[in-house]
Amino acid sequence: MTQFSEDELKAKVQDGYVVESVEEMTEGYRKALIVQLTVQADTELMSAPAYWMAARHAPSTNTQVSAHAIIQDELAHANIAYRLLEDLGESKEHLVYGRQPHEFKHPYGFDQPLENWAELVVANGFFDRAGITLLSDVYRNTSYGPLKRALVKVDMEETFHLRHGEVWMGRLAKAGGEAREILQRAVDWMFPMTVEWFGLPDAMKRHSGQLDYRLKGLTNDQLRQVWMASTVPLCEQLGLDAPAHWDEERNEYVLDFPFPCRYDDAAKRWLFDEGEISWDQVFERWKARGPMNATYVESVQRSRETVGRWLNGGAA
Amino acid sequence: MAERRRRVSVDAGLPPHVSTHKSGGRDQWSAPLAASPVDADAAALELLGEVLDPEIPISLVELGLVYGVEVRDGVAEVRLTYTATACPCMEFIREDVTDRLERERWIRAVRLVEVWDPPWTAERITPEGRRKLRGLGVGA
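Protein chains in written order, with numbering that gives the first Met the number 0: chain Z, 0 to 315; chain F, 0 to 139.
Extracted from the complex, chain F is given alone in its bound form:
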């Protein structure tokens, strides 16, 4: 019976063009790295490239929200911003970033530093992000 149940996803009925609402794109996050990376900062940034915006299925990095990542003694310090000071999805973004990095054995804690200066503008969206947004019918 459990087998049969599994056939029906909790996300059944959601359109394929959106990431699932559990989300941050976590249904497609890669498995944790097998070994500690040589360049931890670059590796952590790459992993954040898997974390999707809670509404639009493009990554926080492509959206230009991640200002930098430094990993020191297993603590990842993520400097990030939001598209607005009253962004309704802040809490989800914090949760998604923390969850993605804490999956890794070489990261024991995540510290989020919220940055408002310089502020986010649409200029910060990467060319790839822009291309994806256009594909989704969102102008930027």
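One chain only, chain Z, in its complex shape:
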């Protein structure tokens, strides 16, 4: 089926070759792209129920419209990525409706409950920023043409989500008192959550097929730095404590907490006192999924069957 060997294709994409169809792919390329797109699609999809839960706490109908517009964007972004997966031979129907909750590949952060307006806007400010950090790197570097074109719209819409997050974080910070406290509490659990999202440090990272096939350009640590380079100054501007600082000697942002570390999801608290844990322990936690995993997946899947039954005249 393919016209290239693995090594030939890797060399070609490093030279700027753009892959347009499945016929040009090697099996390795196709598999690496499927993994990348599945994570992307699942992340967009699962952000929708997470944001939906928090959007109920919108302070006005206008702000609720904005929050729902963000949710609609996320669902559309998920649809784009699942649609691209269909070109690679995957079934959107199965991916969205046929999988068990623990089989989804979104980050652990989107298995957490967002329980108030502050948590929604920090999710826009932090999680959506992580999304745009990752996806704009993919946009700039991907060797897969259809994905690059699809990301133009996705990235533009994500900038609106970021602005929504930043504007509202600014308002809550400025209000002081309880608003500021609840905002800081959201930052306290969501900052380390996003830092962890970028995954295994480069020094421990096994070989990356995504870099070989030029499906992305930056490494995990580089992407984590890009995210911190905009997030830490934002928190500083708003007078919020963020557990990271710029290190002059190392010429990079450095974390002020043991990384990685344990997370108490019931208390929404990182257990900094218990010190560093291994990445195997993190992977175990991710694999077990977080407290809202089943609820969120079920909220996406549940009406499919019910409405399907109605449409089929009540036949099971």
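Worth double-checking, as some hints may not be accurate.
Restricting the straight-line Cα-Cα distance to at most 27 Å, the calculated cross-link-like pairs of lysine-lysine (DSS-like) are [to be verified]:
1) Z:104 / Z:267
2) Z:204 / Z:104
3) Z:152 / F:131
4) Z:267 / Z:173
5) Z:147 / F:131
6) Z:104 / Z:152
Partial list, computed: chain F residues near chain Z (C-beta under 10 Å) [unchecked claim]:
7) 53
8) 55
9) 86
10) 87
11) 88
12) 89
13) 90
14) 91
15) 135
16) 136
Worth flagging that the hints you see were computed from the coordinates, not collected in a lab.
Where is the CB? At the ideal position from N, CA and C, for every residue including glycine.
Based on these hints, arrange chain F on the given structure of chain Z.
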């Protein structure tokens, strides 16, 4: 240290094809005019040509959202609409239009008049706006 910090933009990591999220395109707004313009209405409209839509990096004028501007005694009255009555970006657009015009010394206040009749349709997008949208992969 402050010098080193500045090296890293708050917008680091955002793709170059989108305006920054601070936005309305404010990172690229021109400096305030040195003197009061002879034709204040035309000058104000031109300045609004620098204000970008919060999502898509084309200007509100190119998008056909600005119905008119009149400057009287330093008060700029902007007649504008939105692409939908429940546009989620209304608040950002109001802020961006006001901020851009209030930068000017010859404008002391901005009054926004929201117009729903005639309603906005894609027909109102200018040819230049249409060309830019196509370049961004957005059909209109």
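Under 10 Å is the threshold here; is the Cβ of residue 90 of chain F close enough to any Cβ of chain Z for the hint to stand?
holds (7 Å)
Taking 27 Å as the top limit, are the C-alpha atoms of residue 204 of chain Z and residue 104 of chain Z close enough?
holds (18 Å)
Given residue 91 of chain F as an interface hint, is its Cβ closer than 10 Å to any Cβ of chain Z?
holds (6 Å)
Does residue 135 of chain F meet its interface restraint, that is, does its C-beta lie within less than 10 Å of any C-beta in chain Z?
holds (6 Å)
Chain Z contact restraint for residue 88 of chain F - C-beta distance below 10 Å
holds (6 Å)
For the hint on residue 86 of chain F, does the least C-beta distance to chain Z fall short of 10 Å?
holds (8 Å)
With a cut-off of 10 Å, does the beta carbon of residue 55 of chain F approach a beta carbon of chain Z closely enough for the hint to hold?
For residue 55 of chain F, the interface hint holds, since the closest Cβ of chain Z sits about 6 Å away, which is under 10 Å.
Residue 87 of chain F as an interface hint toward chain Z, with CB separation required under 10 Å:
Check passed: Cβ of residue 87 of chain F comes within 3 Å of chain Z, closer than 10 Å.
Regarding the pair residue 104 of chain Z and residue 267 of chain Z, is the alpha-carbon distance no greater than 27 Å?
Status holds; Cα separation ~21 Å.
Given residue 53 of chain F as an interface hint, is the shortest Cβ-Cβ distance to chain Z below 10 Å?
holds (5 Å)
Check the hint pairing residue 147 of chain Z with residue 131 of chain F against an upper bound of 27 Å on the C-alpha distance.
holds (18 Å)
With chain Z as the partner, please determine if residue 136 of chain F meets the hint condition of a C-beta pair closer than 10 Å.
holds (4 Å)
Checked against the numbered hints above, the structure violates none of them.
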